[in-house]
Amino acid sequence: MDVMPKWAEVILVPLISLILAAILSALVILAIGENPVEAVNLMVTGAIGSTYGWGYTLYYATNFMFTGLAVSVAFHAGLFNIGGEGQAMLGGLGVALVLLFIPWPHWTIALLAATAGAAVFGALWAAIPAYLQAKRGSHIVITTIMFNFIAAAVLNYMLVNQLRPAGSMDPATERFREAVHLPNLHEMLAPIGINFSKAAPANVSLVIAIIACVLVWLLIWRTPLGLEIRSYGKSGRAAKYAGIGAVRITMIAMLISGALAGMMAINNVMGEAERLVLNAVEGAGFIGIAVALMGRSHPFGVFLAAILFGFLYQGGAELALWTSIPRELIVVIQALVILFTGALDNMVRMPLEKVFLAARNARASKSVEPAE
Amino acid sequence: MDFLALFDLAVLDSTIRLATPLLLACLAGLFSERAGIFDIGLEGKMLFAAFFSAAVAALTGSVWLGLLAGIASSMVLSGIHGLASITFRGNQLISGVAINFLAAGMTVLIAQDWFQQGGRTPSLIGGGRFEPIILPFAESLRGVPFLGPIYAELISGHSILVYVALLAVPGTWWLLFRTRFGLRLRAVGENPAAVDTAGVSVVGLRFVAVGICGVLCGIAGAYLATGLQAGFVKDMTAGRGFIALAALIFAKWRPWHALWATLLFGYLQAIALRPDIIEGALGFKVQVQLLDALPYILTVVILAGFVGKAIPPRAGGEPYVKER
Amino acid sequence: MTAPAIELKGISKAFGPVQANKDISIRVMSGTIHGIIGENGAGKSTLMSILYGFYKADAGEIFIGGNKTEIPDSQAAIAAGIGMVFQHFKLVENFTVLENIILGAEDGGLLKPSLSKARKTLLDLEKEYDLKVDPDAIIEEIGVGMQQRVEILKALYRQANILILDEPTGVLTPAEADQLFRILGRLKEEGKTIILITHKLREIMDITDTVSVMRRGEMTATVKTAETSPEELAELMVGRKVLLRVDKAPATPGDVVLDVQNLKVVDEQGVERLRGIDLQVRAGEIVGIAGVAGNGQSELLEVLGGYEDATGTVTLNGQPIDLTGKYSDGRSRRDRGIAHVPEDRQREGLIMDFPAWENTAFGYHRDAAYTSGLLSNNAAIKADTAEKMERFDVRPPHPHLAAKNFSGGNQQKIVLAREIERNPDLLLIGQPTRGVDIGAIEFIHQQIVALRDQGKAILLVSVELEEILGLADRVAVMFDGQIMGERQTTETDEKELGLLMAGITDTDKPHTMAEIEANLAHAHGNASKEV
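Chains as they are written, first to last, in numbering that gives the first Met the number 0: chain G, 0 to 371; chain S, 0 to 323; chain F, 0 to 530.
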């Protein structure tokens, strides 16, 4: 029996978890001898106090929307894809290959092609763990983690031994052509009279990420396939009963998941760096886990959580710039968010349920239902 | 081509050293998972312990205090995992992931605050490290053909924690299969309701198991930073916690098999460090990145191909809720 | 007058918003067998779990032998001399009998001394109560009857004076049930007090001294068994007069709809679970499959329902259906006109977290009526659900409510509505009334008979012999993956079917318990898993 009303489930529980994570983060900041209030001030000013800050916040948020959606789709199928990091690395490779070797006339077609390339590479990287899980029963959590390490080695090999321009010491590709430069928010908003920061990296990929949110929502809640994915995630036996194939759903869900993670590369590789570097993903694949948990695997939740983490990421970078707090603070916050919204969910939920139950009993002590 | 070089004493010696943290972590996972608590946070616990043991050893100059600090810090994370997965019946995988990130972030954060060396501890010297122990007669028996060098180089000359890890194997076996505690621990991982209705606390047993897991991970981490290497560097566990988990599945949750499995993975890591030997054996040069990835690739291959039907403890991963 | 062995005063217990026990008081005299009867969900198991310390009561007092006793956990219950045999056994499957018996009651930290002491005690108990078990057998390799004896021995090993048994005969053949009742009689003679929880009126009448009736979490009456009748008890249970038999006209079977020839299934462990099944179901008849749980009935439904591969031939209306490959899944079966109400509706038939409307489409969600282009037509599904809920009297009739919020009977109606409203040629239906209240049982039985009378073929699997005898026109008995025999339900009885269920085909001759036991043990050696 549902004890809590839906709004409490969807808003109150994650909010309280977030507040708990924030309090603990503040304590961590205190413990390393910094002032949490000043830190928050710095983060707010740095992340949303200017269009420059917003530009970075939204840039990071774009990454996290893709990886958050990736983790969410897998979650719906009952699969825990920790391989978003590696899939995003491979997605970057896909983007680089598409953009380096084909002379695209205009960024629009290039973006379409790069998105496809990123999605295909990310999906392929997810396909192997998915296949091993579906056919051989290899634990997908462990294999996707292993594939993160292997992806790093692949990328390293490609950049150092294959794609590095002759004479360069830097393990990175050469810059992409000027024609495939993606319009950033400054260029997009100028025609309608908004003067957005020129230096900020947020770009047209943000629009693609938002479209992806909408499409994933349609897929999960408005298509027969979505029902199948969710059914399989809830009960393998029920799926079998209904004729929903385990192998098929595992493969489809992971391919979509990997493709979404890979698509992040149109933002960071094509949109921002405009070349492929070694550490392009910067942990965004992992942050996707926190974003998905926080957003309750719902695309709108993921959208909001991604912006929040974009804020934290950009704010954290500002902190590292102006104080002695290293950027790893964001990893700690991310861990705390995962802990509270994911693993310690019941710690928040159980007392809340009691409160709502008491309120309900007080309201009406009329008919009662028996049970065994 | 020189295939014998693949098994020369130096490689095997380094196999034992590299297998030690894997073995300790694998046994740690064995206790936890045998009690029905999945733990993908082995990695984070080791990393946490590696940092705190190195940090305390660096600050006090005593490796033993470092070891204690490592164990204590790992147990704090075990406590969080227990709280999340036993008390609040949360998702054990998610809790493990959170713990891994918590360790990855906190170690650098604290290292920067304490030492300002970019997330590492100062190099450990003298009493800050575990020194190799020379077993009795190691030198005098070296001359004995075949067995002499094996004893002197392979068996003797490791840090005390290596021997602790090796002794933990029969210890674990005995505890699990010959004592009341072991019977209850195995029972709670198979059917917690049976333990509950027999009047034994499921929560208590599982916390003890998670606690032991913390101790062993603590030793593993301490060995990494104070035995295998001389100090802590960022992310120094490098996936060992996950490889240990793969070894645990490969070992089908049995202590002696865990030893063989971790020795195999240790060997893969040892050989990956020796491109010269691989080149000698294969007759062509192997890319360094491939060697880097080799232990991870082989982990996947072993999980996919050689495990067969590994049946985990039946109540594993499921929080215990009295059924209605 | 001596104090009662157990006295409960004013026990109340709520699970969240659900009141499972309401102010219950009961006294059980020492050395008697006391029955507690009630419908599913009446609160019987909850009450006994409170007595055993498995749940904590919200209010009320417990007196054992006249002394007020706190029972916060099972440890305390054991100390107070209470033992409980749960409906789902609480045994560690891959441990030996002996290890299960000492678990939690070991002597000292080392296992060896505990085990050898337990072995001796076990021999004594075996002699005293005629409870034969093999101490070194692995639980998952022995039969259910023997597992149950291990549970009883566990309690006796802990020196229990009060033994609670929760629905103990659900998994037993009639002969095994009789054997159990003899053991209980023996225990009673030795001065033990026994509480028997059941929903079977016959058992109450056969073995108990006194009986308490529970309804909707309340205790409605306690009477001496000798002074009551099944009809009176049934009325007390339900609160109104109940039709105890299914009202149906004789069947008029038509053409063969389902024809199964030499059907075989091998499971993942390589054990043969179906060993050559031959079976026919005709239009307009209900064929019942009887048998003790775990003898292949589930596999038969799973193969026909399309979620397990098999060999052999199965035809539907003369056309073969695929038993392996792409077109052997549940969806293909539905396309061929096979509807399936699965045995485990909570894990297979429904997704408990999904709303009723999604569950109504589940399995048929790709039908043209439920889709428009690539998308689902959720409005159509919801409208259809509302209509079905109305026709099947599902309460509350809210399509948006999650399946888990409906009672067992209403959940079953949702599944039934989904499956039979498709106008299938063949309906597979497993345990149609398990966990369903009596009111809904009548309705569900009527629906099944009505479907038969429309000329549909129905294959019914049930472990309740009464249900098979009442509902089916013809019955086939399964044992160890084979069909032991077929009978017209009008020409057979529980006793004959009971022998077939134990694998004994020459049902005219008398048979000893030992023979039956040997047969059952052999079958479990073949197929130990499940159950």
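Read the hints as simulated data drawn from the structure, not as lab findings. One thing to keep in mind: the hints can contain errors.
Cut-off 25 angstroms, straight-line C-alpha distance, at most; resulting in silico cross-link-like pairs (BS3-like, lysine-lysine) [unchecked claim]: (1) F:247 x F:67; (2) G:353 x F:55; (3) F:247 x F:403; (4) G:5 x F:119; (5) S:233 x G:233; (6) G:134 x F:263; (7) G:353 x F:494; (8) F:223 x F:131.
Distance ranges between label pairs, derived from CB positions [said to hold, decoys possible]: (9) S:4 x G:111: 45 to 55 angstroms; (10) G:161 x S:122: 31 to 41 angstroms; (11) G:354 x F:24: 42 to 52 angstroms; (12) F:86 x S:154: 54 to 64 angstroms; (13) G:235 x F:392: 29 to 39 angstroms.
Sample of chain F residues with no beta-carbon within 10 angstroms of chain G, all distances over it, derived [unchecked claim]: (14) 16; (15) 140; (16) 143; (17) 231; (18) 248; (19) 252; (20) 254; (21) 341; (22) 343; (23) 350; (24) 375; (25) 392; (26) 481; (27) 487; (28) 506.
Cβ atoms here follow ideal geometry from the backbone N, Cα and C, with glycine treated the same way.
Any hints from earlier that this structure breaks? Give me their numbers in increasing order, please. The structure breaks hints 1, 3, 4, 5, 7, 8, 11, 14, 21, 22, 23, 24; every other hint is satisfied.
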